[in-house]
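Asker: Model the placement of chain F on the given structure of chain C, informed by the hints.
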Amino acid sequence: MKLDYDQLLSDDLFGHDVAQKDAIQRQWLEELNEHHEANCPPYAKLANHLGHGFPLPVRLFKEFDLRSIGSDEVAKTMTSSGTTGQSVSRIYLDKSTSARQTKALANTVAAYIGRKRLPLLVIDSKAVLKNRNMFSARGAGILGFSMLGRDVTYALDENMELDLDALEVFEQKYAGQQVLVFGFTYIIFSHFCLQLKKLKRHMALDGYMIHGGGWKKLAEIAVDSNQFKAEVTDACGITHIHDYYGMVEQAGSIYMECECGNLHTSHYNNVRIVDPSTFVEVTGKPGLIVSISLLPTSYPGHILLTEDMGLLLGEDDCPCGRMGRYFSVLGRIPGAELRGCSDTYERKQ
Amino acid sequence: MLAGSIEQITACPTQPFSDAACGFLDDLSKILMHTPEAKRFADVISFAYWCRGAHIGRLRDEWIRRSGGRLQMGRGLVLHIAPANVPVNFAFSFAFSLLAGNSNIVRVPSKPFEQIEVICAAIERLLHEYPALLKTNLFVRYPSDSDITDRLSRKADARMVWGGNETIATLRAKPCKPRCVDVVFPDRYSAALIDADVMANADAGKIKRIAQGFYNDTYLMDQNACSSPHMVLWLNAEEGGGSDTGIERFWQAVRDCAERQYQLQDAIAVDKYVHLCEDILNGLDILAVKRYDSILYRVSLKTIPEEAFRLRGAGGFFYEVRLESLEQLKSMVNEDWQTLTCHGIDFRLVGETIAGLNLKGIDRVVPIGSGLDIDIFWDGYDIISQLSRLIVLE
Numbered sequence: 252m253k254l255d256y257d258q259l260l261s262d263d264l265f266g267h268d269v270a271q272k273d274a275i276q277r278q279w280l281e282e283l284n285e286h287h288e289a290n291c292p293p294y295a296k297l298a299n300h301l302g303h304g305f306p307l308p309v310r311l312f313k314e315f316d317l318r319s320i321g322s323d324e325v326a327k328t329m330t331s332s333g334t335t336g337q338s339v340s341r342i343y344l345d346k347s348t349s350a351r352q353t354k355a356l357a358n359t360v361a362a363y364i365g366r367k368r369l370p371l372l373v374i375d376s377k378a379v380l381k382n383r384n385m386f387s388a389r390g391a392g393i394l395g396f397s398m399l400g401r402d403v404t405y406a407l408d409e410n411m412e413l414d415l416d417a418l419e420v421f422e423q424k425y426a427g428q429q430v431l432v433f434g435f436t437y438i439i440f441s442h443f444c445l446q447l448k449k450l451k452r453h454m455a456l457d458g459y460m461i462h463g464g465g466w467k468k469l470a471e472i473a474v475d476s477n478q479f480k481a482e483v484t485d486a487c488g489i490t491h492i493h494d495y496y497g498m499v500e501q502a503g504s505i506y507m508e509c510e511c512g513n514l515h516t517s518h519y520n521n522v523r524i525v526d527p528s529t530f531v532e533v534t535g536k537p538g539l540i541v542s543i544s545l546l547p548t549s550y551p552g553h554i555l556l557t558e559d560m561g562l563l564l565g566e567d568d569c570p571c572g573r574m575g576r577y578f579s580v581l582g583r584i585p586g587a588e589l590r591g592c593s594d595t596y597e598r599k600q
Numbered sequence: 181m182l183a184g185s186i187e188q189i190t191a192c193p194t195q196p197f198s199d200a201a202c203g204f205l206d207d208l209s210k211i212l213m214h215t216p217e218a219k220r221f222a223d224v225i226s227f228a229y230w231c232r233g234a235h236i237g238r239l240r241d242e243w244i245r246r247s248g249g250r251l252q253m254g255r256g257l258v259l260h261i262a263p264a265n266v267p268v269n270f271a272f273s274f275a276f277s278l279l280a281g282n283s284n285i286v287r288v289p290s291k292p293f294e295q296i297e298v299i300c301a302a303i304e305r306l307l308h309e310y311p312a313l314l315k316t317n318l319f320v321r322y323p324s325d326s327d328i329t330d331r332l333s334r335k336a337d338a339r340m341v342w343g344g345n346e347t348i349a350t351l352r353a354k355p356c357k358p359r360c361v362d363v364v365f366p367d368r369y370s371a372a373l374i375d376a377d378v379m380a381n382a383d384a385g386k387i388k389r390i391a392q393g394f395y396n397d398t399y400l401m402d403q404n405a406c407s408s409p410h411m412v413l414w415l416n417a418e419e420g421g422g423s424d425t426g427i428e429r430f431w432q433a434v435r436d437c438a439e440r441q442y443q444l445q446d447a448i449a450v451d452k453y454v455h456l457c458e459d460i461l462n463g464l465d466i467l468a469v470k471r472y473d474s475i476l477y478r479v480s481l482k483t484i485p486e487e488a489f490r491l492r493g494a495g496g497f498f499y500e501v502r503l504e505s506l507e508q509l510k511s512m513v514n515e516d517w518q519t520l521t522c523h524g525i526d527f528r529l530v531g532e533t534i535a536g537l538n539l540k541g542i543d544r545v546v547p548i549g550s551g552l553d554i555d556i557f558w559d560g561y562d563i564i565s566q567l568s569r570l571i572v573l574e
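Protein chains in written order, with the numbering used here: chain C, 252 to 600; chain F, 181 to 574.
Treat the hints as calculated values from the structure; they're not laboratory data. Since no wrong hints were added, every one of them can be taken at face value.
Result set (DSSO-like, lysine-lysine): computed pairs, CA atoms no more than 27 angstroms apart in a straight line:
1. C:Lys253 with C:Lys346
2. F:Lys470 with C:Lys313
3. C:Lys296 with F:Lys470
4. F:Lys219 with F:Lys291
5. C:Lys346 with C:Lys377
6. F:Lys291 with C:Lys468
7. C:Lys468 with C:Lys536
8. C:Lys480 with C:Lys448
9. F:Lys291 with C:Lys467
10. C:Lys451 with C:Lys468
11. C:Lys449 with C:Lys467
12. C:Lys424 with C:Lys451
13. C:Lys313 with C:Lys468
14. F:Lys482 with C:Lys296
15. C:Lys346 with C:Lys313
With the rest of the complex left out, here is chain C:
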C-alpha cells in the first residue's frame, strides 16, 4: 500500500540500520515525489527542470504558494516567525498532515522522555498564541509541545517578564515529580536563566528540558551548549536537557539531541549534508543540510534544501544506541559579499 502512514507511525523510530532505512526511505520518497508532482503543479514544473526528488529550497515557501491539496482542504496555515520587513513562509496543512505531525512529534519526544504526559512549563508568554489563524513558528512549537504535556504553565507574562507567582505554584505543586520544560533556546537563556540568576532564585525542578530555535543569538554572546546546560541546571535544577533542530516547513519531524549530545535522525526523517558548490553529499566536512521528512503530503516539503550548515557525525553507531544518522548544526550559511556597482542584488533572508 502506498504512503502507509499507519505503518510508518507504528514502526520502531530508531531500529533500522542504514541498509534497511535506505530501502524504506527510497521507496517512500519515490512515492512522495510522485504524489507531489501529481498534485502540486508548481512542484511538477520544478521537477521537470531539476529532476525527480530535487531538493526544494525552503526560501521558496516565502515567495510562492506551494501546496498539494485544493484550497478547500487547507485546515490551517503555518507561518514562520519573520521579523518585521521580512517575508514569511506559508505552509498549508490539511487535517491528515497536521494529525500526522502531531503523532510523529509525540513518538519522537517519547523516545527521549517516555510516554507519560508530564506537567509542562513553557518558557514563553501565552501572548505568542493570540492569533490562532496564523500560527507562527514559535506558537506552533509551543502548541505542538503543549499536547505532549499536561497542566501547561507559562513562565513569562505578556511583557516577557518572569511570572514568579506561576513559577512558585508550579514548583510546589510538582515538587519531587518529573516535569517537562519547553521553550526556545535564546528565550530560556535570556528571559529565564539570567532573570532567575539576577533574583538569586533557584528553582528545584526535576525532569526534562526540550529546547530549540537555534544558537545564532547565543553564539553572538559566546554562549555554547555546555554553558547553556550549566545555566539551566543552575536556574532550575534540571539536568536532562535536549536541544532539537526543526523547522516550521517540516513540523513534527524534529531532530532531537540524544544523551551524548548528538542530533538524531529518525524513522520519519533524514539529513543529507551536501557540498554547496556541487550539491553532492559529503562526509567529514561541513555542508548544507538537506532535510528529509516523510510526513508532508499537503505541501511538497519532503526534501528541503535548508540554509543551515551541518556536519554529519556518524551513522548507526552513536553510543546512545539509536540507529540512523546523527549530526550537528553549525549555523546559517554565511551571507554573500558581492562585488559590483549595482545595488539591485540583495541577498534575500
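Answerer: Same frame as chain C, now just chain F:
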C-alpha cells in the same frame, strides 16, 4: 580624510587636459607601478596603466582634435560618490573629472579596501608636489547615513554618482546649486552577442581566449557590474545545426575558466539555485537548463524575453537565446541596456542596427573581454564634456 586638505579646499576650474592634470596622472601611474603593494591588485594596476602618460596623451590629442580650438573650462567643484563595492572606481571618477578641469571632493567606499589605501597614499604623496592640486582636491570617507553629503552637495557644481538606482535617487533629492549638473551612473543591463557559426569554426585556443574574456567581463565582478553580461544572444545559431557545437564548446571553456579561477561563495551557490527555481515558478519560457555543478548556470530561453532587462544573474548565472536577426533587438532593448560585448560580428552593423531600429539603449559595443574597461566615454556620456562648460567667443 585620506588625501588632500580640508582647510584649503577651493574650487579652481581650468581648461581640460591641463599640464598639471596630465602630469599628475602620469606621475601617479609611475608611483603605483613602482609600489610593491599595488602589484598585488590587478584593479590598481589597470588604473595605473590607464592613467600612464602615453594613454592620457592620446586622450588629450583626440580631445584637441575634436574640440577644434573651442575654449572649454571645468565646471568648478565636483562631488564624487563612488560605488560601495568597486574598490578603484573612485580613482577613475576622480581622474575623469581632473582631466575635465575640475576641483574634486571624492567620497571613497566605506569598506576598507586595501586598494583604496594604496591609491590614496600615492595621491597624498603626490599632491604635495602639485601645490595647486593640493588646494583643489580632497579624498574623504564617512558613513553613508551622515549629513556630510548634504553639506557637500550644496557646494558642488557637479555631482558624479555611481551606484544603484536607490543611491542615485537619494542623492538627487539632496539640495544643490541651481546650475549643478548630475552625472549619474545607475543600474544598467548588459549582454553578449556572439555569432555561433564563428564560434563553431574557431580553434580551441581561440575559444579559450574568448571564454577567458567572457570570464573577465563577468565573474571578476561577481557578474554584478553594470557592464557584466547577464545574457548571451546567439546569432546564426540554427537549432540542431553545426553551430550548436560552437555554443557547447564556448560554455565548456567558460566553465573551465571559472573552475580554475572563481572563488564561489556558498551563499551565492545557494542563491543561484534558488534563482533558477524562482525563474521556473515565475513562468519564464525556458527551453533547457544546464548546470555545471554550481559554478555555471545556463538558462536557455525558447523565445525572446520581453523584459530582458529583468533577467539578471549573479556569480555565474546566464540566460541565452537565439536571435534570428539583429532586428530582434528591437523588442528587447530598453534604456537600461548599456554594453554589448561581441564576438564574430561587424561592429558597424550593430551600430547601424541601433540607429536603424531607433533603440533607446546600448551605449557601448565592445569586444568580449573589454566589458569592464572603463574610460572617459561611459554610459553614453562624453564625461569630459559633461563636466566642463563651453565658452562662446564671437
